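Chain by chain, the residues:
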Amino acid sequence: MTMTPQEKEDFKRRLEEYHKKNVQIIVVLVIIWFIVSLGGIMVVRGLNEISFLGFPLGYYMGAQGSILVFIAEIFFYSKYMDNLDKKYGFAE
Amino acid sequence: MSNQMIGYIVVFGVFVLFLYIAYSTRATRTDDFYVAGRRINPIWNGMAIGADWMSAASFISMAGAIAALGYDGLAYIMGWTGGYVLLTLVLAPYLRKFGKYTAADFVGDRYESHVARTVAIFCAITISLVYCIAQVAGAGIIMARLMGFSMNVAIAIGIVIVVVSTVMGGMKSITWTQCAQYIVLIIAYLIPVTALCLKMYGHPLPQLAYGDLLYKIVAKEQELGIKPLYIEPFTKLTSSDMWVLTLILMIGTAGLPHIMMRYFTTPTVRDARYSSGYALICIGALYITAPAYAAFQKYTILYEVVGKQIAALPEWVTAWGKAGLITVKDANADGILQFAELNIHRDVVVLSMPEIAQLPYIVSALVAAGGLSAAISTADGLLMVIASAISHDLYFRMINPKATEKQRVVLGKSLIGVFAVVAGFFAAQNIGFIVQIVAWAFSLAAATFFPVIVMGIFYKRTNKYGAIIGMAGGLLITLWYILGVKFGWPMKLNPIMGIKDQGAGLFGLIFNFLACYIISNFTPPPSQKIMELVDHCRYPVKLTDEFDEFH
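Chains as they are written, first to last, in my numbering: chain A, 1 to 92; chain B, 93 to 643.
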């Protein structure tokens, strides 16, 4: 398969854009990951004053809330990348 | 039928099932042996990752650790699940696209260096072997405790099962037996505490019910003047120690070779992403339940054991007292049990639950089978890493690239046998020490594999000089900190910011990232071919012919 110089440029731009969007969403999700787990540890005393589903919220985040957010993040990312793969023509 | 008989039948039946699955899915091709032919659907792969991941410690000891450590123990819950987010975002899809067999393959190829490959092989073997020893020991403890075998007999039985299922069909058999093992272990884990919840609350969701128990526990503790309170944070660990421990467990999880290896088995990059999600659902089912176990146990102790006549304690307390796992000492000789007079071994929290919930003995036998499944399925995956590190990474990639598929598979199988015996030998020795080393394995994984792989994918400029110094330095700094803080050898170190030996990986991790960045920028950039390899890993589709020969 040979590409004209113009097509090559376009392809390169598509690659770069795809990678940039991928890195952007990764950064956002890593920040959320950090807040619900490590951030939760930092403010646990304050959170424990709040009652959530019958739990002290600080304890709940450590024991359950963080895991549920992790699972949601992974499926969100997988779906997001499905769309990105399709949009940029990189779907398998 | 006697209880012991029921125990034998349940455990034996479960083992026969595993061996049958291993036999019917056996493999001979190299692809089948190392990466299960790359045909594993993400839901099954998620289950297999779950079984691979959850060890004897997760099954038997984690709930007890939470009961003992209170909020601080949740470092394990967050640490051992949060790593999967990192795996999905920055490792798994790229490793799958890279498309070979092991983590050391990636390190060696990406950095075009046999030195880097050798360091990676060494790290993979060290991490996996100590981890494997702990699994075999764990299997031994469960069989010895619940079924009355002697420790050595129990270990020997454990080894035979592990070897047979691994040797028979490598990764392919392992994947299917691990799926079965996951189902057994999760059912065994959920039944006792769900039954107790049903009895107390009339619904089968202990995971939602125990919020109420937490407040009741605290109320009782205040009434009895027990300090610190159960949900009070940072009573057993300092806040910085807990924070670093959580971080290192998460990053270490993402850097463990036996978990990374599972992502090579999916058919596509997309499936690698979804595998993580299903894996975390499977793992989360147990991890979300573990703090519930801890709370139900704590509640039972405070409301039904403490403050009672010592002569009239519940039956399960006396039974586990006889096994030496619960000690009752009437210090003030008033015939009534005070909280301070009671000492409970961590493992009792899960093991005693069937009796607390007054379930028939067959449930206890099922718990034993579940714990064994957890230990054996993890040991399987670890032995695979060791076997492939030597037969594939060391022998095929470095010593004899002309080795035939058959030679490599035969070598891999023999190594599994050899290392299973090695692990069994060590497991029969000093166990407390081994459990300690497992915690260190996470630090080592976090300080070695994670930085060089992530940098290798996301920072093209990283070259072999940065990677080798980063990985070797990360390993040495971590070991040096562990040894210095724990044993004062070769020199005594004071914990920095209260970070104990378990969090040692933090320093190696930081060094590794910095070395990859700084040293790479002062040395020649990697070749054009490597730049193309990085691109190859970043995009799910085929970009160049050269790297796609493996598909």
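Treat the hints as calculated values from the structure; they're not laboratory data.
Note that the structure is a prediction, hence the values are computed from the model and not measured.
Keep in mind that a hint or two might mislead.
[What the hints assert, rightly or not] In silico contact screen, one side only, chain B against chain A (beta carbon under 7 Å); selected entries:
no.	residue
1	T173
2	G174
3	V177
4	L181
5	D304
6	I318
7	P320
8	L321
9	P325
10	T360
11	Y366
12	S368
13	P383
14	V633
Glycine is no exception: its CB is placed at the ideal position from the N, C-alpha and C atoms.
Verification of the hints:
With 7 Å as the threshold, the beta carbon of T173 (chain B) comes within range of chain A, its nearest partner Cβ sitting at about 5 Å, so the hint holds. Interface hint status for G174 (chain B): upheld, as the beta-carbon distance to the closest one in chain A is roughly 5 Å, under 7 Å. The criterion of a C-beta within 7 Å of any C-beta in chain A is met by V177 (chain B), whose closest approach is roughly 5 Å, and the hint holds. Proximity of L181 (chain B) to chain A holds as hinted, the smallest CB-CB distance being about 5 Å (cut-off 7 Å).
For D304 (chain B), the suggested interface contact is upheld, since its CB lies about 5 Å from the closest CB of chain A, less than 7 Å. For I318 (chain B), the interface hint is violated, the least distance from its beta-carbon to any beta-carbon of chain A being 17 Å, above 7 Å. Interface hint status for P320 (chain B): violated, as the beta-carbon distance to the closest one in chain A is roughly 13 Å, over 7 Å. Using the Cβ-Cβ criterion of 7 Å, the hint placing L321 (chain B) at the interface with chain A is not satisfied: the shortest such distance is roughly 10 Å.
Given the 7 Å rule on beta carbons, the hint for P325 (chain B) holds: about 5 Å separates it from the nearest Cβ of chain A. Contact between T360 (chain B) and chain A, as hinted, is supported at the beta carbon level, the nearest pair being about 5 Å apart and thus within 7 Å. Because the beta carbon of Y366 (chain B) sits about 5 Å from the nearest beta carbon in chain A, less than 7 Å, this interface hint is met. For S368 (chain B), the suggested interface contact is upheld, since its CB lies about 5 Å from the closest CB of chain A, less than 7 Å.
Hint status for P383 (chain B): holds, given a least beta-carbon distance of 4 Å to chain A, under 7 Å. Below 7 Å, beta-carbon pairs count as interface contacts, and V633 (chain B) has one with chain A at about 5 Å; its hint therefore holds.
Checked against the numbered hints given earlier, this structure breaks hints 6, 7, 8; the rest are met.
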